[in-house]
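Sequence lines, in order, name chains B and H.
Position 1 of the first sequence, counting from 1, maps to -12 under the numbering used here, and the rest follow consecutively.
Position 176 of the second sequence, counting from 1, maps to 267 under the numbering used here, and the rest follow consecutively.
Hints listed in this document are in silico derivations from the structure and should not be mistaken for laboratory results.
Backbone N, C-alpha and C define an ideal beta-carbon position, used for all residues, glycine too.
Please note that a few of the clues may not be correct.
[What the hints assert, rightly or not] Short, incomplete list of chain H residues facing chain B, as computed with Cβ under 7 Å:
#, residue
1, F162
2, G165
3, F191
4, A259
5, L261
Each chain, written out:
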Amino acid sequence: MTSIIAFALIAAMLSAYTLLDGYDLGAAAGTPLIAKTRAERSAIVESIGPFWSGNEVWLVAAAGTLFALFPQAYAVSFSGFYLPFIVVLWLLMFRGISIELRAHLPSEMWMDFWDFAFTASSVLLALLFGVTLGNLVHGLPLDANGYFLGTFASLLNPYSVIVGILAVVALTQHGLAYVADHVEGPLGERALRSVVSVWWLVLAAYVVVTAATVAEHRGDLAGAPLGTVASAVALASLVAVRRFAQRGHSHSTFWASIVFLAGLLVAATATMYPYLLRPYPGETGGLTIFDAAPPALSLAIVLVVALVGVAAVVLYSLFVRRRMSGKVSVAEEAAT
Amino acid sequence: VLADRLQFAFTIMFHYLFPIGTMGLAPFIAWYNYRALKTGEQRYGQAARFWTKIFAVNFAIGVVTGIPMEFQFGTNWAAFSAKAGSVVGPPLMMEGVYAFFLESVFLGILLYGRERVSPPLYLFSAVTVWLGSWLSGFFVVATNAWMQHPVGYVIAHDGRIQLQSLAAVLLSPYAWWQFSHVIVAAVLTGSFIVAGIGAYYLLAKRDVGFGREFVRTGVVVALVASVLVVFPTGDRNSADVTVYQPIKLAAMEGLFESQHGAPLAIIGMPDVTHRTLIDPIFVPDILSFLAYGNFRANVDGLNSYATELWPPVALTYYAYHVMVGLGTIFGGVAAIAAFLLWRRRLFTTPLALWALMLVMPFPYIANEAGWVTTEVGRQPWIVYGLMKTQTAISPNVVSGETVFTLIGFIGLYFLLGVLFVLLTLREIAIGPSEHPSVGVVPPSELAAER
């Protein structure tokens, strides 16, 4: 039981990362679609400025929690995904400094460079996170100890690549909805209209990924009922995203997008369960949450420590967001 | 193994430069925000904002270089993580959940929220960021301290090191003394930065009011910290090393022969082949006294141990002597400056101000040398007495990959280093009084600057 709670906690933390930093990545990916001036790009960066670093900590904390609760899985997955993960680190660095440093010099070239780095690193991050998730859901070639046997190229299999594409378009939609909800004026309205345009791509990617997942895993899923329900919830929310966006309800659009992504993530988690590292389709082995866990007592203590900490984080994050709420406006002189 | 060790050493040493800055400056930011709220004087608010901007650049680079550290345990050191993960994982998890979140979330208020939140909440955020940065340091040092002196574990039947008591790991006296030493060293660094930049403003004859304030506060704190860094914290660390890691002690001191009344080498170059110090200056019996409180006590030299248990002797020796030598100089500079301050002559003594300004980079070197001493000195062990570094790397990552990523890290970090220096110098050039905004320039001002 503790293993299941531990697995759910890590899945929840990674989902929190996806929902929160996902809008940072998506806003960056959507910037070229909606921002016409340098001041509008500044407004988008300013809308995520106070929060992106706290959002990114969810990823760090989830990695630390995986290390603490399932050390074996942490060791074999991080070393197995060696190159992709190091590339993720480099991209996260570029993304972070492009947000923090762009406003430090009053130079147009300086800002244009960092704006480009901001968008490019964010799109690639969304793609790589999607590909990683795709491989985890699809299954990996593993040896008896759970160490990864494949190559970098084998990670770029068709299934994982389409999950990667779904991640890029779904997070772009999510980021555009965030901008619509957090930036005033024409830029916010343009963002909401772009949600409607991007929507068809999201729907197409959703349908392809769902069909491919059913085709791959039909019959071998322990969590199939939950996955089916979550997937249906995701579809319903996706329809709601479009309707809210068409009617101009930016806040509801953003929340519908959150439920859509959450549904996808629950479906992905249900597909993985009970594996942390699922074996290649049709093969045995793999690393389940029961193999990977340390003895129950120490796991339980560390789990309680983690749960208390995460609960506190959620509470004070909500408090800070409430105090820091309010829309960003585009600087007037530059908007004309 | 070599490439993995180089990569870890390079990324951690580069990363560590920035937490020193954040841990060292955070208390000053909290202090100036407190003064601003208490007195209502505008200049304290400006001082707080100035240091917050410097802090923000440090924090940004610290965050982006810190995340690789959290990942590298798994990517490069999978065998170590699989074997010892149930012990070293929890404190690292707590670093993320209990400290890093606190610092990041409330820094958002500190950077963007001055007009959006009430002054007491703003001060609370500054204090919380301070608390977060120190807690973060604690959990990381606690992890390291466990690897130096393992406690609260059992060896399972499959050879894994299993956590037995999280409390024992977190409350280990070894960890607390190591943490106190690290924190005092960071505050020493921060206070020399505050005083040094103040001295620059006085010498450059600009922002003179701020210059005086920074020098005054910086020198007082530096004096206290330069005492605490030696006694009790440095002394207690040496005592722990004497008891738990005698080979490291012998390497630090360049002591080859075991002897009663061991001398302290002030200078000298270790010659490992001939097992002797070249051109030494000794103070007789002092090492025995420092290690055991007894001038005639026996101190074990390196010759008492098998050479395969020796750390790289020369590096450990030099790093330790650089740290101690610099620490002594800091004490001297702080004492002279504090004396002149007391006699009300410091602001009119250019020589002393020049010394305060130029000493700024050296605390960083001393901090790094301290870590080199403790980390190189514990080799060949990754977990002291339990696991050798040689056996700790990822079995499925080939060294070519590690070399490639090491080169990538070097390139990226060079870029980050240049950006950090550039932007910090720019914030210093702008100064505390001229720029009203914090951290980022709002779009309206950017438009005006275009």
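Right, here's what the structure says about each hint:
1. A hinted interface residue such as F162 (chain H) counts as satisfied when its beta carbon comes closer than 7 Å to some beta carbon of chain B; here the least separation is about 6 Å, so the hint holds.
2. About 3 Å separates the beta-carbon of G165 (chain H) from the nearest beta-carbon of chain B, less than 7 Å, and the hint is met.
3. Because the smallest distance between the Cβ of F191 (chain H) and any Cβ of chain B comes to about 5 Å, under 7 Å, the interface hint for this residue holds.
4. At a threshold of 7 Å, the smallest CB-CB gap from A259 (chain H) to chain B is about 12 Å, leaving the interface hint violated.
5. Given the 7 Å rule on beta carbons, the hint for L261 (chain H) is violated: about 10 Å separates it from the nearest Cβ of chain B.
This entry does not satisfy hints 4, 5, going by the numbered hints stated previously.
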